[in-house]
Amino acid sequence: MPPRPAEPALRDDVAALLGGYRALPGVRDELVDEHGRPRPHWATALEALARMGREEVGRAFALADRHQRDTGVYYRVYDAGESRERAWPLSHLPLVIPQAEWREVEAGLKQRAALLDRVLADAYGPAGLVRDGALPAAALAASPDFLRPMVRVTGRGAGRLQVYAADLGRGADGRWWVLGDRAQAPSGMGYALENRIALSRALPDLYAAMNVRRLAPFFQAWRGALAAQAGRESSRIGLLTPGPLNETYFEHAYLSRYLGFLLVEGGDLTVRDDAVYVRTIGGLKKVDVLVRRLDAEFADPVELDPDSRIGAPGLAQAVRAGSVVLANPLGAGLLESRALLAFLPALARRLLGEDLKLPNVATWWCGQEAARDAARARLEEFAVAPAYSRAEGWPFGTMPVRVAALDAASRARLDDWLERRAVEVVAQEPIGVSTMPVWRDGRLRPRPFTLRAFVVATPDGWEVLPGGFCRLSDDDDPRSLSMQLGGRSADVWIAADEPVEPATLLPTPDRVAITRVIGYLPSRAAENLFWLGRYMERAEATLRAVRCLAGLAIEHGEAAGPARAALARAMELLAAWGAAAPEAAPERGAAARVIGAALSGADRPGSVLRLASEARRAASVIRDRLSPDAVRALADLSALFERRDANPPGPGEALETADQGLRILAALSGLVQENMNRLSGWRFLEIGRRIERGILTARFVRRFAEPDAPSSCLDALLEICDSQITYRARYLMGALRAPLVDLVMLDDGNPRSVAFQVGRLADHVGALAELPTHAGPFPPRDIVADLASRLRGWDAAEIDAAAIVSVENRLMELSNEIGACFFTQADAPSDDDSVEDGG
Amino acid sequence: MIYDVSHVTTYHYAARVAFARCLLRLAPRAMPWQRVLSHELSLSPAPAETREGDDFFGNRQRAVLIAAPHDTLSIRATSRVEVGERPALRFGGPAWEQVARHALASRDLSGLSPAHFLFASRFAPLLDEAAAYARADFSPGRPVLEAALDLTRRVHADFAYDPAATDVSTPLRLVFAQRAGVCQDFAHAMIAGLRGIGVPCLYVSGYLRTTPPEGQKRLAGADASHAWVAVWCGEEAGWVELDPTNDRPAGPDHVVLAVGRDYADVAPVAGVVLASAPQRLTVAVDVTPVEPLEAGPVAAQQSNDLRTSNQNRKSFTG
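Chain order of the listed sequences is A and B. In this text, residue positions in the first sequence follow the numbering used here: the first is 2, and each later residue adds one. In this text, residue positions in the second sequence follow the numbering used here: the first is 391, and each later residue adds one.
No wet-lab data here; the hints were simulated from the structure. Hints are not guaranteed to be accurate.
Here are some, though not all, of the chain A residues that point toward chain B, as calculated from beta-carbon distances under 7 Å [as the list claims (entries may be wrong)]:
{"id": "1", "residue": "134"}
{"id": "2", "residue": "139"}
{"id": "3", "residue": "143"}
{"id": "4", "residue": "372"}
Listed below are several chain B residues computed to face chain A (Cβ distance under 7 Å; list not exhaustive) [what the hints assert, rightly or not]:
{"id": "5", "residue": "446"}
{"id": "6", "residue": "453"}
{"id": "7", "residue": "495"}
{"id": "8", "residue": "496"}
{"id": "9", "residue": "497"}
{"id": "10", "residue": "499"}
{"id": "11", "residue": "502"}
{"id": "12", "residue": "505"}
{"id": "13", "residue": "506"}
{"id": "14", "residue": "509"}
{"id": "15", "residue": "510"}
{"id": "16", "residue": "661"}
{"id": "17", "residue": "673"}
Every residue, glycine too, gets a C-beta built ideally from N, C-alpha and C.
Isolated chain A (complex conformation) (with noise of 0.2 Å):
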């Protein structure tokens, strides 16, 4: 026997960390090959990992996680026609490729991108291809995304594929392979960024060690090449995404920002003059460029969809006279046919005069009748899919099956497509994918995956980001890879032998250099910043209220006592805001599920709870425009009052959860003072604030400081109204009526006081009357110009309800006022058409 060639042995700890790891029969795997023996680009990781031990790896895996939940990383999942947000789990160990091999795949990924781009133009231009017998018409018209209001459309970026993305598998002999095209609107470009975020502070050393090379240049060299397109200095870009109840909102969200993207919906575009606008606080500004993460069928309810109701009507029109690219097309999603991969070969040949650098899965479209009957003959060997995007009543589901597996009943069904609808039915040869580790209860264990490739256009060509979404099954079964069910995601590193350049992820400079005037900030987002600020308010005012109950139950017990007045408002007060059912008398029972409801109840819309989940809901529409802490604080402050046991708290349980409810708001506020741009955006946010704080202190004093008050009322007042220590150092007595209702309404300097409020909102108003849209008549500046002269010329001893109520009623019509200024209007594009400032 020949001896074996040396082999250096493992070091004890790798072999240990190993413990034994090994490819699954018949399956390639990424971390070791057939012997069981590590490859070597996983050297460094397998060392590495080793050295740290399987607690501080642990601790590392467990920093990642955790900074995914802290961000929000999610996606939606739809169950029971309930759609919930789940944290998006990340597979803790990258996904490694060494530079030589990638630039293999990259060189096939551009080749691919270029063909495609070929093929979109030919389909949606002269059909050179079809009339040249190279693709069947059918298999275009067959598609349900080709759409033909595009065809013959000439406009700037019309018919040229910008964002391509590749779902990738490496088959058992060691080939990627191209399982299936992405170009309708491709996700997971901002999901591996953040990936790379996680796992780069998880792991910095090994990062750096492995000479990782960066995504940020990527992502740069795309917003110029897009920048680029806009065809004047100062473009607007906007990211125009379905919305929040989208699987990948975070995703859009995550990337205008990164991006310096305006994210928009379909209802924040308008057309005119064959132009697109964006409605904004400022008017109509225009929109040059669009990344398009709807649908291509839903943006234009007038020529496409017309059931589309997330679309902007026109938007079709405005493509066909050039005033806008969109980033992709509308009807690139016909290149995702999978049709299309059984031409794909031939087409590289005729179209670039070279074979497939990166083959595509084996496939044969069955509308054609050699096809058909080809697969047919060996049907028991291959997969079956839809042909096309939509099969109405295909029965396998959308990703392939193998006809193997199938039982008779299920059987007969294919025949019974293959006879009558073959059109729509692709047969392909499976590519069992490989496999490569994940970290489960401290081992590592093989799981079947696959790789998300991203490719955009840019002046200098095509540009492949180095690294991908990498996708891996829960299951073990190469197989059987399902995506949306209990799948994880991994980085991808692309380890060159080289350091790289060091390149940042955080904004880049060009970001910077842009005017900062007020005024372009979208009336959705504006109208959602104003009532995120309304429900925090409220929600802060009702905790308020509560700890004042709560604190008057503990200290006065059964309630007879001379706190009986104050308690009895305290629960009207809160049944009125819709935050609790009302109470005959005010006894303890009756307190502790006034206040148990006003916390938790899920069928009390003045509830914190529900006030909690509807500032969450106004925020989730704005993420792009919020920091990640608080959007963390609003989970938290959402999660604090879901009770888990149907028993109301008692009276100390639930001052001390309302006081943990007012820290965390207190948080969320200092976020919002410290962290947010001084621009229209926290200008809303502030007058939906103060506003709210305005008329609910004039409510508290209206219930509390009655001429005939009590003594325990006005104390109560000033609990609430968080002035105690103010009325103190002021004056050296119990609380009495005048002084107090000076202190919380006409006092300007008390921050809690509603004069308060109207200074800051005279501010607020103020500078958004220098909008240019709103040069002549404003009627919010009236109003609070108004409230001011008022409050200033009152006499805290002569102030009765009717005077504080016709606050409460100014203040009501004031928010009106802004809504229609700002959240409604429709008014023509504005010729002022500098850069924004992002809100």
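For this one, chain A is given, so just place chain B on it according to the hints.
Coordinates of chain B only, in the frame set by chain A:
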């Protein structure tokens, strides 16, 4: 035959509408046997923007934006059209299977290529029962035109004409279940049946001149917009128009407005209105012969049992 066609659509809104964007397909298209002598379209209130062009299928379309607040929107189209005889039917043409094969292998991606009219579309899903229904006439090797004429006759016989049975949103499944509807439903039923067995079929919207009973005056507004189908009968014969509502091939009394995969492609007025309040729609169509009526062979067969649709049922699809 020369006709003056007047087609007036009026929307009455319960609440004032600030903004409307519509796509109008009200200009008759030119056909080898049909000439549009004149066409005018007027709107009230007048549109702020108008864009005209041909759609993918070669129909004239006009996109309008109405920015003036309004509670009534009136769209008046008047056209003078000369309609001649369509080519004579060629019996004994290719077998339907051959036509289906040719359509699938077509090298033409332009608007009237049979390749576009083989698949499910919004109003014409490929129901199994529709295919099964059509198959009865399509025995193996049968010339496509003969089989299609039989299907036309059978749809006419089996489906009751009943404007109360359906409205514009009634799904085809229901039309099949109750075997009743109006011309639009008859056309969609026939389309679904033919496409279901692989024979290309398109939707034709247009007008039909109603011949008054002898001695009676033609009633203004009695005519309404109509719908029928065209079946692709192979490269040579091309598209042959058949009217299942009246069981006959289209003749000089069929004025073509537009063609498409189904009603959604050719709706005379489509679009979106920024209003949530309910709306009421009235449509009045007049098709008046300009020349004295000739007693040609086709016209002589016509009688007042010719069925037309009631276009009042059409509403904004947005």
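Hints versus structure:
1. 134: For residue 134(A), the interface hint holds, since the closest Cβ of chain B sits about 6 Å away, which is under 7 Å.
2. 139: The hint holds - residue 139(A) has a Cβ within 7 Å of chain B, the shortest such distance being about 4 Å.
3. 143: holds, 5 Å
4. 372: violated, 11 Å
5. 446: holds, 4 Å
6. 453: holds, 6 Å
7. 495: holds, 6 Å
8. 496: holds, 4 Å
9. 497: Status holds, d = 6 Å.
10. 499: holds, 4 Å
11. 502: violated, 12 Å
12. 505: holds, 4 Å
13. 506: holds, 5 Å
14. 509: holds, 5 Å
15. 510: holds, 6 Å
16. 661: holds, 6 Å
17. 673: violated, 18 Å
Figure legend: structure checked against the earlier numbered hints; hints not met, in rising order: 4, 11 and 17.
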